[in-house]
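Enquirer: Since the structure of chain A is already known, use the hints to place chain B on it.
Number of protein chains: 2
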Amino acid sequence: MPVETIDRLARELDAESARVAADVDRFFAQQLAPPGDSRDRLYEAMRHAAIGGGKRLRPMLTIAAARLFAIDGERALRAACAIEAIHVYSLIHDDLPCMDDADLRRGKPSVHKAFGDAVAVLAGDSLHALAFEIITDPDTHQDPWVRSDLSLELARAVGPAGMAGGQMMDLHAEGQKLDLPNISRLQQLKTGALIEFSVEAACIMNKMPPEARTPYRGYARNIGLAFQITDDLLDECGDEAAAGKRLGRDADAGKATFVSLLGQDRARQQAQLLVDQAIEHLSSHGSEANLLRAIARFAIERDH
Amino acid sequence: MPVETIDRLARELDAESARVAADVDRFFAQQLAPPGDSRDRLYEAMRHAAIGGGKRLRPMLTIAAARLFAIDGERALRAACAIEAIHVYSLIHDDLPCMDDADLRRGKPSVHKAFGDAVAVLAGDSLHALAFEIITDPDTHQDPWVRSDLSLELARAVGPAGMAGGQMMDLHAEGQKLDLPNISRLQQLKTGALIEFSVEAACIMNKMPPEARTPYRGYARNIGLAFQITDDLLDECGDEAAAGKRLGRDADAGKATFVSLLGQDRARQQAQLLVDQAIEHLSSHGSEANLLRAIARFAIERDH
Chain A
0 MPVETIDRLA
10 RELDAESARV
20 AADVDRFFAQ
30 QLAPPGDSRD
40 RLYEAMRHAA
50 IGGGKRLRPM
60 LTIAAARLFA
70 IDGERALRAA
80 CAIEAIHVYS
90 LIHDDLPCMD
100 DADLRRGKPS
110 VHKAFGDAVA
120 VLAGDSLHAL
130 AFEIITDPDT
140 HQDPWVRSDL
150 SLELARAVGP
160 AGMAGGQMMD
170 LHAEGQKLDL
180 PNISRLQQLK
190 TGALIEFSVE
200 AACIMNKMPP
210 EARTPYRGYA
220 RNIGLAFQIT
230 DDLLDECGDE
240 AAAGKRLGRD
250 ADAGKATFVS
260 LLGQDRARQQ
270 AQLLVDQAIE
280 HLSSHGSEAN
290 LLRAIARFAI
300 ERDH
Chain B
0 MPVETIDRLA
10 RELDAESARV
20 AADVDRFFAQ
30 QLAPPGDSRD
40 RLYEAMRHAA
50 IGGGKRLRPM
60 LTIAAARLFA
70 IDGERALRAA
80 CAIEAIHVYS
90 LIHDDLPCMD
100 DADLRRGKPS
110 VHKAFGDAVA
120 VLAGDSLHAL
130 AFEIITDPDT
140 HQDPWVRSDL
150 SLELARAVGP
160 AGMAGGQMMD
170 LHAEGQKLDL
180 PNISRLQQLK
190 TGALIEFSVE
200 AACIMNKMPP
210 EARTPYRGYA
220 RNIGLAFQIT
230 DDLLDECGDE
240 AAAGKRLGRD
250 ADAGKATFVS
260 LLGQDRARQQ
270 AQLLVDQAIE
280 HLSSHGSEAN
290 LLRAIARFAI
300 ERDH
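Chains as they are written, first to last, in numbering that gives the first Met the number 0: chain A, 0 to 303; chain B, 0 to 303.
Extracted from the complex, chain A is given alone in its bound form (with noise of 0.2 Å):
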């Protein structure tokens, strides 16, 4: 690709990353105000966890794939603030002390440092919760197969076969050496279930059946992939000022990653095929697919 079409792709990428961040923002405002009880400070948990912070790779994922599909883009927007709530309430739950015992997030106080371990919990919990009220509201969607395919799919990437399981995954692995297919196992269910999802959900709001679904899943699988790798890359030798989290923390537990398994050279190499063949799902599409290519791209090219 041309130097001048990169530029230009990350110029639009960009842009559409800050109109994408100030939209999540937006709705989750709205979505989280205080209903002026004694649950405020509930709403207050979920808002500081929700609110301004986070690259949004999952909400600029749906809603370049819907895009792609000429999906109205407000209910593309609720879908995507679905499944960000979801890794919203799963950061929360996972910062807790029981688990990683973080105190620091997207350059933050975690919830639970901010408003103790109990509103953590239900703050996760209600996001939780919150995610499949907005998926299956009929504003999401005027079709109930839709509604109910998302709230199906949504659940299958959430749960015990998807992110909950690779967190088990991931508690079991500590002081365990892993190996390449156990760790890429572990991924996928930990982050690459809900990744894959955020695509999926395009695909089923435009009504197309699980077969047809196939390369834009395999689109998400290698970004998932390629992002989790980027992110161990950045973990070993990333700022963490730009991270806005402690990093070193799996070298520090004794996790095995992609980069202590493959070496930084290899590890990187690896990142970058797996963005070709992620770009390589979407030859079908021209120019409408761009978006697309350039998140692909930045999934490996980034310094936080």
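Take the hints with a grain of salt, since some may be wrong.
Repeated chains share a single entry, so a pair holds when one copy, or any two copies, can fit it.
Using 20 Å as the maximum straight-line C-alpha spacing, the simulated EDC-like pairs for lysine to aspartate or glutamate come out as follows [stated by the list, open to error]:
| id | residue 1 | residue 2 |
| --- | --- | --- |
| 1 | K107 | D6 |
| 2 | K206 | D275 |
| 3 | K107 | D275 |
| 4 | K112 | D71 |
| 5 | K107 | E43 |
| 6 | K107 | D24 |
Keep in mind the hints are simulated off the structure, nothing from the lab.
Expert: Relative to the frame of chain A, chain B by itself:
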């Protein structure tokens, strides 16, 4: 009602209750079979919490209401188990050290006592997601409108405007003296919303529009409050061995309850009134609603 009718109802309820408990156990045993990898301990924790215990009030309500509308028994059981999965998840998180810090549940060690806090958080999160997976599976209902409405109303009952919000109110109430309207509102969210959905789920499966569900929701709301008042009475003067958990915790924590506000006699009268009103909501039905009537009585005539 003549005494022999009451005796017959009590026997029928006992038999039905045993059947439902066995069906729920069987369903969870299938659903939570170990996957044979490093998630096995997560599944073990879920089975520990979900199988073999509890009064199964919510599944009983769903199955009894579904029978009123001649809904297929296996489908009703699936919806019932989705709701029970939510109830079980809420107990696991509620028992955590940072929440109620309870060591004993349903006569067994609580999940965090048996498996550690991190696995308890993940087991709760997993059952939460699994509930939505079960309820939106085409096996639960062939009509996508029904599935998406079940998912939407379940999410509302579970999230910050329902159960999780009620938990937050309960947390906030510690050391405060709530009055009767505030206690009622707290309980309506914390336990009432899910109990109400247990009956509403059968109405949704029967494709009834929201306005037609009103008497059934009214029945469930009355049952929920009567059940809670009876819990408060048993918490003050019940038997710990029968309850399978520590009693007197609310009084120890200085929390206001229906009994501390009304006194035991007026609390008992109030519970009876609520049961009478619950049964009144079923007046358009003949003997086919006898199981729901028996459940209403059982809500207050029990020793645990």
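Enquirer: All hints, please: hold or fail.
Expert: So, going through the hints one by one against the coordinates:
no.: 1; hint: K107 <-> D6; in the structure: neither (32 Å within a copy, 62 Å between copies)
no.: 2; hint: K206 <-> D275; in the structure: neither (27 Å within a copy, 49 Å between copies)
no.: 3; hint: K107 <-> D275; in the structure: neither (34 Å within a copy, 53 Å between copies)
no.: 4; hint: K112 <-> D71; in the structure: neither (39 Å within a copy, 48 Å between copies)
no.: 5; hint: K107 <-> E43; in the structure: within (14 Å within a copy, 35 Å between copies)
no.: 6; hint: K107 <-> D24; in the structure: within (16 Å within a copy, 44 Å between copies)
Of the numbered hints listed earlier, those contradicted by the structure are 1, 2, 3, 4.
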